[in-house]
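Please put together the full structure from these sequences, using the hints given.
Chains as they are written, first to last, in my numbering: chain A, -11 to 284; chain B, 150 to 445; chain C, 19 to 585.
Careful: at least some of the hints might be erroneous.
[Unchecked claim] Calculated lysine-lysine pairs in the DSSO-like style (CA-CA distance at most 27 Å, straight line): (1) A:240 to C:462; (2) A:240 to C:497; (3) A:30 to C:339; (4) B:192 to A:159; (5) B:438 to A:96; (6) A:123 to C:395; (7) C:444 to A:240; (8) A:30 to C:497; (9) A:159 to B:252; (10) C:395 to A:240; (11) A:178 to B:157; (12) A:96 to B:157; (13) C:190 to B:192; (14) B:192 to C:395; (15) C:476 to C:454; (16) A:123 to B:192; (17) A:90 to B:438; (18) A:-2 to B:252; (19) C:568 to A:240; (20) B:157 to A:93; (21) C:540 to C:568; (22) B:438 to A:93; (23) B:157 to A:90; (24) A:240 to C:476.
None of these hints come from the bench; they were simulated from the model.
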Amino acid sequence: MMRSKSLSSKIADVVLIIILVSIAITCILPLWYTLSLSLSSKSAAAAGAVALWPVEFNFSSYQQLLQDGQFFKSFWISVQRVVFGAGLNFIIVPLMAYPLSKTVKDFKGRNVLMWTLIFTMLFNGGLIPLYLTVKGYGLMNSIWALVLVGGAQTIVFNIILTINFFRNLPKSLEEAALVDGAGPWYILFKVFIPLSIPVLATVSLFSIVYHWNEFLYGLIFMTREEFYPLQTYIQQLVVSVDPSTMTEDQYKRMSELSNRTLDAAKIFIAMIPVLVVYPFLQKYFIHGITLGSVKE
Amino acid sequence: MRSKGFAKHYYLMLLPGFIWLFLFSIVPMFGIIIAFQNFNPGKGVFGSEFIGLETFQYMFQLSDTMNVFFNTIYIAVMKIIGNLIVPLVFALMLNEVRYMGLKRSIQTIVYLPHFLSWVILGGVLLDIFAFQGPINQLLEFFGVEPILFFGRADLFPFLVVGSDVWKEFGFNTIIYLAALTGINPALYEAAGIDGASRLRMLWHVTLPGIRTTAVLLAVLSLGNVLNAGFDQIFNLYNPLVYSTGDIIDTWVYRAGLLNLQYELATAVGLLKSVAGFILISLSYYLAYKFTNYRIF
Amino acid sequence: MKKAVFRIFVMMLFILLIACSEEEPSSSEEENQNEEASPKTDEPADPFGKYEDPVTIAIGQEVDPSDTSLPEGDTPLDNQYTRHVKENLNIEVEHAFTASPSNYDQKVSLAIASNDLPDAMIVGPVELRQMYEADQLADLTNVYENYASPAIKRIIDSTDGIAKDTVTFDGKMMAIPNVQLQADGVHLLWIRQDWLDNLGLDVPKTVEEIEEVARAFVEQDPDGNGEDDTIGLAGPDTSSKLYANFLESTNNLYGFDGIFSAYQSYPGYWIENDEGEPVYGSILPETKEALAKLREMYADGLIDREMGVREDSGESVVSGKTGMFFGPWWMPYGPITDAVTEDPDANWQAYASPLDDNGEYSPHMSSPSNNFVVVRKGYEHPEAAMKMLNNLLDNESTFDPSLGGPGFYPLRLVFAPSDETEYSVKALREVLAGTKTPEDFEDKPEYKLLVSDAETIKDVKLEPYDDYNIEHWDMEADKGHWTRAYALMVGGSPLVDNEVKGQYSLLYSQTETMEDRWVNLKKLEDETFLKIIMGTEPLDTFDRFVEDWKKQGGDQITQEVAEVAEP
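Structure follows, in structure tokens:
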């Protein structure tokens, strides 16, 4: 580096760092706020007195959380969903991306199939036919409804990304393999996939984040709370209810049961897994996400 | 060509994925028929009476439809622009930081929000922007009247765009950072020898180096013009801001699932799909024309 | 490309064929069930009869995930109540689905739309009509005649046929209606009496006086904490409405119902105009007048600035920031108990106020029924649902709520004599005055809680017995009893002591065109009114709203209402 280190440049550095650090701070704020809320007393939280620091610090919401069997059940369902969903995504994406990264010259049906994929990505029949279909397959209350329906809606984008990556792998590699008499499966598994770990890590990460955070399908395809994935479980806690058809004692129960600190504790715990996973994948996806055209 | 007999293997590779998509994306599309029916749930999709385009007539008569389409495009376009420019600026700023440890920490922290679901972030944002929340307390400190942020229809789209850009900029920064590392350091050295200032280097070396990335990202995001973010708005909006914040997806969800207006919900959804398909095709050809690059 | 499009088209056709053939079996299955479902008339009808062979009923049920009242080992399907049902009736309850209160409506919609129905569930008036139109409901006319217990029949008949009317379509009874308290539909003015006293003000009787009091509450620091942090009049939160309407006519917390009725404006209600024709209250000039006043009050900062955005307007009642709000008699079951716990001097009192131009109290009145038990067409034992209702009404008081509360009683409908609140107030006054004893009410089993109320009232009410101000109560003695007694005596008294010239809606259910159009009309109305009040649109937007409303289906619906409402 041959950059000059004048005084003005140093001032610019300081200003720059201050700006960047304050932006970074806003990004941890939600996490921090949720944590303070979860560690505050119930009455302080209900009165909205908690801002950036716990009020009347205590751990009781976490103690309560430990006794909530459903929370951990849902947590486990989400973990399974992520494992199956991302796993399936990891297998299917390269299998589809490889043939589709060929030109029409090499693979005649390629364009029709590609546009069919785009079509499935954009068109849908609405929730109710989807519900009927899943029910027809006997997948209600099954984790596979979440894995397969959600996955089908996000996989096309991942395929497109991977196609772009494949296309920009050096042509010479494939040609060399062809000369050695390698077949398509060999080329895919022994040449392309080992070189594509960055992009596969990236699409896996997309898949993990999607499956972990999606809440609506849990609500639609699961008939009972015991089958809910974590985000669905949390969503039902944070939505407010119209009291117009309640009786007085129902209303009373409802307000007695509301517990913002416990909700915050659940939300905080729900944030943790993705936070644990992403630094590990980081080094891969930084390369994987760049579209091939950038590097030659 | 040695790869002549490969086509049948290619089909074989595509088969599992296509079966999956067929079962979970294409089969449920039978529901599109509902848009042309007077749908009677008791008789089902295949027993209900066909009424032709009546629902579409009503749809275009409704002032809501235009409004909802407008909101969607307005919010989505602003998001696209914000998500292109902010990460770029941030990446350029971060690129100027010379303490590697700090640079990496900031980078890791700022894409944390990307991993959190809107179910979770929605609640936190509503709290932070509440009438007596931290932001308003800050404003009050500077002598500004507190603002009812999420109750103001005129502010809502900006809050949505702002929070989305804030959530995603860290992640999008990665793309640019990767492009930046791809720039040949020799170019900087040469510019340095010529006595170019940091700003001039930015203008003449850095920006041209990442131009292709920026253009491609812009084109790719065109497909998102009709996706203004269901999860986000669903978790943030309220009737006060329907006029500017209600988007196609939230509207369809309410109409189809909460208000039992299946035909209308399906019709609007179909219109969205068609428009989305046109836009995607458009961006495909634009990308091909201007960058000579096929995005899929 | 052309070829590609053609191939996709062929593929679509193929898919359709598959989808068609897939649907077939389910529909034929249904027909079979329909045949089986013909009512068996050979058994004698016994409302409480126990089945010889176990009968299962798969229901959709609301289950609150945060309700932890079940003892260890019990589940929503296996608890004191379901065991009681099994033992007494030999009915086994199963779940077709459960959902939290916030998601129950969505699950019901999904079940209706996909025709994937539970054997029985609880629905609202809109879903009831939708299900009837879709021919999804069992005709319960005979079930009701033969199996409803005398107690339930007595309560349903006490509504002068209104409850029955709401579930009768083409002369057939398609659901069992609940009967709720008349008092739940009257939205009283609740006010901090201690603040009034601090500032030397009288109880407001008109809208103008409410305005003055609100101004004083906002500007004169009624709680004396030296801070400018008080709210004059609370406004609706995200789960409540500006005003109750004909479909949801009860329990609108923190709305402006009282203000509207003082202008003899009944938005959301179908009323008769001077010519005796049905009109929709929201489009009348009186409503514009009321809106103008609310707009003025909001602009002056007298109404909660955060109305419509708050998650729960009750929070600021609890924290002692709010001076007035509109709500039903039972608000002590809501935030008031907590408010008094926080601040023992918070003297919340209720009044039948404001009065209209004629000096009368003329609130809108509610439908006696807003929840309905429906049974799926084709279910073999439609009477099982009725038997469960009979059994529950008879035995509910024997269950200990701490061992699994009412949230775990499947198919629970409320059957309360519609005058329960008013009747209880009068009875308790006599008990307090010593002219009656708790035993005198033992022959009134419909008033389920009355005997217990009478026995415990003196534990929590201090002398003088006819003064309901907060210093004459002892909350510490028993918070549960305190809540009920305070709600009855403070919240119920205005209904007894004032002549209530209530306005009923001409109907409390949907007409045909409403099925398609109502949601959008209602959205238009809600948005316009909110914006007018909050000042983001000029008042005269109201006139455009009236035109739009008529054009977008309102006129047609008004005609339908005229036909339905004509006896």
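I'd like to know which numbered hints this structure contradicts. Please list them from smallest to largest. Of the numbered hints, 4, 9, 10, 19 do not hold.
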